[in-house]
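Q: Read off the chains here:
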Amino acid sequence: MAIVDKLNRRTLLKLTGLGGAGLALQASLTTEVLALTNPAVNGGMPKGLELNVFIHIGTDDRVTLVAHRSEMGQGIRTSLPQILADELEADWSKVDIVQAHGDEKYGNQDTDGSRSVRTFFHTMREMGASAKLMLRQAAAKQWAVPLDQCVANNHRILHLASKRSLSFGELATAAAKLPVPDPKILVFKDKKDFKYIGKPMAMVDLQDMVTGRADFGIDVTVADMVYASIERCPVLGGKVKSFDATQSKSVKGVLDVVKIDGGVEPAGFNALAGIAVIATNTWAAQEGRKLLKIDWELGAHSSYDSTAAIAELAGAVAANTKVVRERGDVDKAFKEAKNSHQAVYTIPHLEHATMEPPAATARITGDKCEVWACVQSPVRTRDVVAAAIGFKPEQVDINVTLLGGAFGRKSKPDFVAEAALLAKATGKPVKVTWTREDAVRHGYYHAFSVQHYKAAIDANRQISAMESTVASPSIMSLFQPGIETLQDFELGMGFANTPYKIPNLRARNTPVAAHTRIGWLRSVYHINHAFAANSFIDEIARMNKRDPLQYQLATIGEDRIVDTSAEGFANLPTAQEFPFKTARLKQALQAVKKSSGWPAKVKANEGWGVAVHGSFLSYVAVATKVRLDKKELKLLEVHIAIDCGQVVNPDRVHSQMEGAVIFGLSGALFGDIQFKDGAVQQSNFDDYPMLRLNQSPKIVVTLIASDEKHSGVGEPGVPPIAASVTSAIAAAGGPRIRDLPIVRHLKML
Amino acid sequence: MTSLQVNGKTHQLDVDGNMPLLWVLRDILNMTGTKFGCGKGLCGACTVHLNGAPVRSCSLPVSAAAGAKITTIEGLSDDGEHPLQQAWVAHKVPQCGYCQSGQLMSAAALLSRTPKPNDDEIEQAMAGNICRCGTYPRIKAAIKSAAGVQIQQPSKTKQRKEGIA
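Protein sequences appear in the order of chains A and B. Using the numbering used here, read the first sequence as starting at 1 and increasing by one per residue. Using the numbering used here, read the second sequence as starting at 1 and increasing by one per residue.
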């Protein structure tokens, strides 16, 4: 529940530089924000009442709204203001957006977990409704008429009977003198009267983005700034033994060479060990860096071979595997089975490959440190920077730029810590720009996954028992030493909470040690778990000559709420507010069935594949059509349907689905980060390719109309993609690909 | 001294001739609309026009650009009036926006030599530009609609650009 209150002018000035008169409101929020992930991952969640968001109505009629979430392409700097402006009855052309600095007063600013809209929808409405009521009250007082005769409409308060009206700006000063209304008396707009909510509003940054004026982290320039490029230890936990920078210093423009200690474990968000070359421009820094001679102390992870690790786990289920969910009598069902099937699915490590590589600028002046960076987590960034340079958090100011792609990478501010450390060492403002190779080789990698699946099939060709076993390193290994097993929040990403109505079910978890920085990447473990589960059901359907889409529907079973609590696995913390409904999964399947014309007849070398998955509280189904010419793959069509509850900006949901298709395809087709001797073997877009425009399929998006609560959009589109493609390949007469990426088996046409 | 003509303006620069044009634009001239993506000509984020042809500025030594007419995203139009920029807005193409300067410059070069491209020509011309957000379907649609506009009515922007060139 939000509590709306007046915002004092000093705070407003501090946060935005806005001075002057007018009405300024803030919303405080009890920290009921539900994290999908482990609290330790989301870290630093403030307790109690904190200022979260604010609105300012100036006497000049301009309405200023704060965007406290980071913009990375999802449109959040537009969608949240859309909600507030609608409830306020503001004229969108008079609304300005300012970006919040990293400040715990805003509460948890971490823009991740696909949760901005669902978390702040009601706060935005309450702020808008409170301000609107105060403006109406001010008008009623001025005209000496009853409040109910004063109506807000398009940035004005109207008194219809006398045909008088006053603008928001004209009323702002008077409204500011009134007490803030009790939220209980607020009356919200009816859905049918929404002007902006549910409308495809253009992003507020759109014009800047097409004219080259949008400022990303990499674009920041401050006076007297120098540029850094850093050679980092190729192996996690490694350190600099010794180095020689003589030749580097001879490069024109090189100013300085600075050692960064690093090598801390668990790695968290600390800077990695390395040698930074400081120069008058980026290129000189990069050239100087090439001439460094460094002797590394590689440390404990220098024998990590990810391909071998995956192969070993895929060979047999390890003895130390533990049951995490069980229902029925799985062993009995297998004994009585008419038939059975088993398969092993593997996914390698992935890297985020944001188009804008990590970049940050830091300036230290006396006891203040200013930072400009493309970060998803400004408060965490502030704390990481403060710890790195021995400052208090309140001495650090984080300016959040636009993010040139993020996908979870920019939740991890190791690159910002580097900039601050170098600013401290050199006494100058420093911009650190990662090269593509740096980003590919020093990422926070998506966890590889090995999943063993086994099913018993009865005489009716139904699955009577299923046993699934997962082996994957945990994200928590980043924060706590000795974590060698997936945590419940990770298993709950579509593995242990599988919705299938299979009478006998067992899910198991195998410990795996992490030898690199494991981090969350768009859709996280859902990618792995949706791939295996959907592939397996598809295989069984085809073995039994059943239509895979119908078989999915039948295996999900009747309409119900998935509840695993009696089977040894706790429901998600969000289950109370957002129950996992099988009807919504099936509806998503029906939507792609309709959209794709499933089961359409195809040519002999073409095929359709389907997959469905619930994640981030939304439900997505995907149907993909491919063609195989000998061993060459052509993607023809991808149909994607999402039920994400009510929608604030349908165009941005559409674009997120289009993006999820492309992102999911890149990962499934090409994604393959391999470690050898502890170091990443890939380097750039030549050996770590991305899907290109000429390889992209036709994409058809369906938004399922829903009155359910708002749920995730940024991530839920990705998980079903991989299995829909591999199943389509099998349907087209190609191999059943169980070890991603697909290009290990087929070429892309 | 290297003489560099960017968006109709000539700059005399004291830079290493091997420095890629990208870093001259970004770090020396402070024109940050042209983006760094890979440094190897693999992603197209740094695309600019050299005498009207699209080039990857991350891999082009500034010495090779001296004397040529360079157009960057900042010079594509005064204020976003280029038909492609308008089409980008109409189709709401960008997500994060980072690669879009390069996408627009590749598309603009395509339309200047092939005013009415077919699907194949669009795909070939845009294959060198990576977008991680997945705006490809809209890029394709926007190019087609801009091509329509351009055929019916030669734009003022294009004339002005030619004037500069």
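Certain hints may be false.
[Claimed, not checked] Just the calculated beta-carbon pair ranges, DEER-fashion:
{"id": "1", "chain 1": "A", "residue 1": "247", "chain 2": "B", "residue 2": "10", "range": "30 to 40 angstroms"}
{"id": "2", "chain 1": "A", "residue 1": "479", "chain 2": "B", "residue 2": "64", "range": "44 to 54 angstroms"}
{"id": "3", "chain 1": "B", "residue 1": "124", "chain 2": "A", "residue 2": "547", "range": "33 to 43 angstroms"}
{"id": "4", "chain 1": "B", "residue 1": "81", "chain 2": "A", "residue 2": "200", "range": "56 to 66 angstroms"}
{"id": "5", "chain 1": "A", "residue 1": "602", "chain 2": "B", "residue 2": "116", "range": "25 to 35 angstroms"}
{"id": "6", "chain 1": "B", "residue 1": "113", "chain 2": "A", "residue 2": "698", "range": "52 to 62 angstroms"}
Keep in mind that the hints were calculated from the coordinates and are not lab data. Remember, it's a predicted structure, so these values are computed and weren't measured experimentally. Cβ atoms here follow ideal geometry from the backbone N, Cα and C, with glycine treated the same way.
Q: Would you list, in rising numerical order, the hints stated earlier that this structure does not obey?
A: 4, 6
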